[in-house]
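Engineer: Those protein sequences? They're chains H and R, same order as listed.
Residues in the first sequence are numbered from 1 upward in steps of one, following this note's numbering.
Residues in the second sequence are numbered from 1 upward in steps of one, following this note's numbering.
Read the hints as simulated data drawn from the structure, not as lab findings.
Take the hints with a grain of salt, since some may be wrong.
[Stated by the list, open to error] Restraint-style ranges between C-beta atoms, simulated for each label pair:
(1) H:349 <-> R:552: 18 to 28 angstroms
(2) H:52 <-> R:530: 30 to 40 angstroms
(3) R:307 <-> H:354: 52 to 62 angstroms
(4) H:334 <-> R:207: 51 to 61 angstroms
(5) R:478 <-> H:223: 23 to 33 angstroms
[Stated by the list, open to error] Covered by chain H, according to a simulated footprint, are these stretches of chain R (three or more residues, beta-carbon under 8 angstroms):
(6) 545–557
(7) 574–588
Beta carbons are placed, not taken as given, at the ideal position from N, Cα and C, and that holds for glycine.
Residues per chain are reported as follows:
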Amino acid sequence: MNNIGLYLHYPFCVRKCRYCDFLSAPADDSFRAAYIKRLEEEIAMQSERYGRRGDSRRAVTIFIGGGTPSLMSEKEISGLMDCIYRNFEVAEDAEISMEVNPGTADIGKLSAMKNAGINRLSFGLQSMNNEELERLGRIHNAEQFLESYDAARNAGFTNINIDLMSALPGQTAESFGITLRKAARLSPEHLSCYSLIIEEGTPFWSIYGEGSLPEGMPELPSEDEEREMYRMTKEILSEYGYSRYEISNYAKPGYECRHNISYWVRNDYLGFGPGAASLIGNRRFTNTRSVNQYMKDFALSEDEPLDERVSMAETVFLGLRMTEGVDCKAFINEFGRSLEDVYGDVIEKYTATGHLKKSADGSRLMLTEDGIDVSNVIVAEFL
Amino acid sequence: MNIDQQHVRYFCIIAHIDHGKSTLADRIIEKTGLLTSREMQDQVLDNMDLERERGITIKSQAVRIIYKAENGEEYFYNLIDTPGHVDFNYEVSRSLAACEGAILVVDAAQGVEAQTLANVYLAIDHDLDIVPVINKIDLPSADPERVANEIEDVIGIEALDAPQISAKNGINIEEVLERIITDVRPPEGDPEAPLKALIFDSVYDAYRGVIVFFRVFDGKIGKGTKVRMMATGAVFETVEVGYFGPGQFIPCDELSAGMVGYMTASIKSLKDTRVGDTITEAASPCAEALPGYRKVNPMVYCGMYPADGAKYPDLRDALEKLQLNDASLFYEPETSQALGFGFRCGFLGLLHLEIIQERLEREYALDLVTTAPSVVYRIHKTNGEVIDISNPSNLPDPSEIEFMEEPVVKAEIMVTTDYIGTIMDLCQERRGVFHGMDYIETTRAILKYTLPLGEIIYDFFDALKSRSKGYASFDYEFEGYERSKLVKLDILVNHETIDALSFIVFEDSAYTRGRKMCEKLQEEIPRQLFDIPIQAAVGGRIIARETVKALRKDVLAKCYGGDITRKKKLLEKQKEGKKRMRQVGSVEIPQKAFMSVLKLDDE
């Protein structure tokens, strides 16, 4: 029986953050309710092919992301989870994550999540510094987060992630260090630390993306400061028992996010909701990015058959995101050729420059610390 | 065919750029009734589509039309088109030599410009009858009386009764047509004398070989005539002779003294039919050739390389084809360490270079890397040897050089008095030697300079236009070689000399140019995984340095399921960008960086 990961997208939030380029926007209660019905229809439809009424794949990880899925009511959450169970077999030990925005879930809702089967929470905190939070346009402050976090522990969650961001406007290495330590002291099982990217089409883009800085706006940290923050993250978190296992992800042993790893090792997954992507064997397809269209028909925005060349490239491009890198033997097993055979010259070139390395036993190919800093340059050559 | 020479006229139209030469030509063709307005496509003489439709290349350099004059008689008009740029001065002079008259078109608002003068002097040199015409009288800013006075004052020809026309709107075109009869003399020439014909152009046709355009001065030429080209010595038997209708060749049995036409003779190469050469009969040649022939030498050279090295054979084929139709295009294979296999190409001037470059890119779909244009330097070596070099990389070691010479031009710049100071500054910066200034009227003057060709081939024209707000015009002709203090400036990227970036420069400007070049390259070369020093050196001595700092950060913070397709595309784009760069040692240099030297004067 084939395993599969399921991703459910909830494209609504209280208010759009100023850096956010995700598929997410505020919407009223009735539209949000209608959306959940639609999402359940999609789950039922895909079940005919891959679920209980199809080839009966077993869901080993489930991730409900957004947007702010914690905006869903208790009833909606349990209803949605029921829908999944009805349509897919879910493994006994499945990792079932849900994103929570501080200030959108009290102990009652968190308990309902727990009861519905959710066993991992991901808090979008971003910073412990209220000034920084305000500049980002977040709806919560650090104190509200602490309340939510305590409530989650009280509701019985034993696997919690906290999202943080570095390279924020006006952020210094010092203030970022304080955020890191404050978060680590809470002892979540997992931390994601993302360097802020100024995306086109966001309010931040009009401030930082082009031309000169409008008056009164704090500057972004320089590239050197940003890299300093990146190195600090690994150092400080290791003091608290976390290891980096992917470019932006840190975990206590055994708490690496299995759902996300399935993206990087290219296991099969199905995505539900607008903009959600699925990988089934050699085919990747992505739902329409328009919520309105999604409400009318389940159109795809992309449907890409992946030939062997692309599959090999993706294996390296995604695998190198993880600190343990690409499994050389698994590569041979899948494609019948060795990494060296296919990419010998690129591997040689960047090994010589100190950007790529092999594990001591030669079984894995990975980026060095220097390699991570400029990984786009390197992985682009595998495409 | 016999035509009374009294009823034949040969003329060309000369004008400053944009004064309406082509439009007037169109109107003349239209008015003589050969084509209706509807059939008349704009600018028949320039029309490239027409050439394609016929599947052969006619440059339509000449057209014969029939004009029914007011006196009721019919006249044969032969309009010979001339290229309109200083690069093609020699071709212009040969076209003029095939005419008895020239219609001088002057813009009613702008008045006499530098090119007007240059062309008119050329026409006077060829003893042409000049018919001044004032065009664009429909413009609100038109001042035909002032312009007529200007023509009289500046050029010294009668112009007060010049036809005032609007070629665009077809106003007073008849007056021009009548003037051609009264003001241009009919051809002379003895049909019984030995054949003497002037080649004023030739084109290559894939089916018929070279088609030679000529004007018969004496004698006759018919089908099967055995002819000899007096300068090249080539001998051919004509296959076809004929004359020109608009956009078409009309064969006939014979062309005699005073006629313009074409011949084909299964000629394989344009090299045998040089513009300006004299055609005569092989069996009974004329005593001496027509004057004025010279072999045209390229003035400006550059390296042209295919962006994709595998396209080298395509580039060679394309150049070969272009040369069939353009004898002044020169090319020979060359190799560059930085750019691989390519060609050193020679052109009449920068415009010619640009035309060829554009045709290679458009018509042959070639993506090119072009090195900075260079003039031909004359090197006097210590061993007494004198060599001409067109590629800075071939400059001998400085210890072997006694002295160097560079080409200079005689330039005339016409400018409104407000800008005289600015333009003199510009010429000074470009090492111009001032020879004097003539006022044409109270508000305008002609500045006379000798300028090194190397100083004007890049951007002189643009600088002139921008500094004078468009009020200066410019014309030049080759003057000769002058001794000069020149050095080769080498550019080192990551400690390696990049041959394709070397250029020869006036010694005193070497430091400034070197520094600017380094700054420019620092902007053009993207950051890579390590620091890249960029240095400028003269004779091994570093005179300027910049550094492209190593890339510190290029990493995707996030990449989850929904991001993969998009991020992959982003990276693929990044990789595509890399493909457009040249790998030199371990450094990737964007192709446009090789043209950097051209932009050194951008402020």
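Engineer: Are the hints correct? Go through all of them and say.
Structural biologist: Tested hints:
1. Separation of residue 349 (chain H) from residue 552 (chain R) is about 20 angstroms and conforms to the stated range, judged on CB atoms against 18 to 28 angstroms.
2. Range check, residue 52 (chain H) to residue 530 (chain R): about 56 angstroms between beta-carbon atoms, so the 30 to 40 angstroms window is missed.
3. Taken as a hint, the range 52 to 62 angstroms is violated for the pair residue 307 (chain R) and residue 354 (chain H), whose Cβ atoms sit roughly 31 angstroms apart.
4. A hinted range of 51 to 61 angstroms holds for the C-beta pair residue 334 (chain H) and residue 207 (chain R), which are about 59 angstroms apart.
5. One distance hint, 23 to 33 angstroms for the beta-carbon pair residue 478 (chain R) and residue 223 (chain H), is violated here, with the actual separation near 53 angstroms.
6. Residues of the segment 545–557 of chain R lying with their CB closer than 8 angstroms to a CB of chain H number 7, which satisfies the three-residue condition for coverage.
7. Here the segment 574–588 of chain R counts 3 residues with a CB under 8 angstroms from a CB of chain H, which clears the bar of 3, and the coverage holds.
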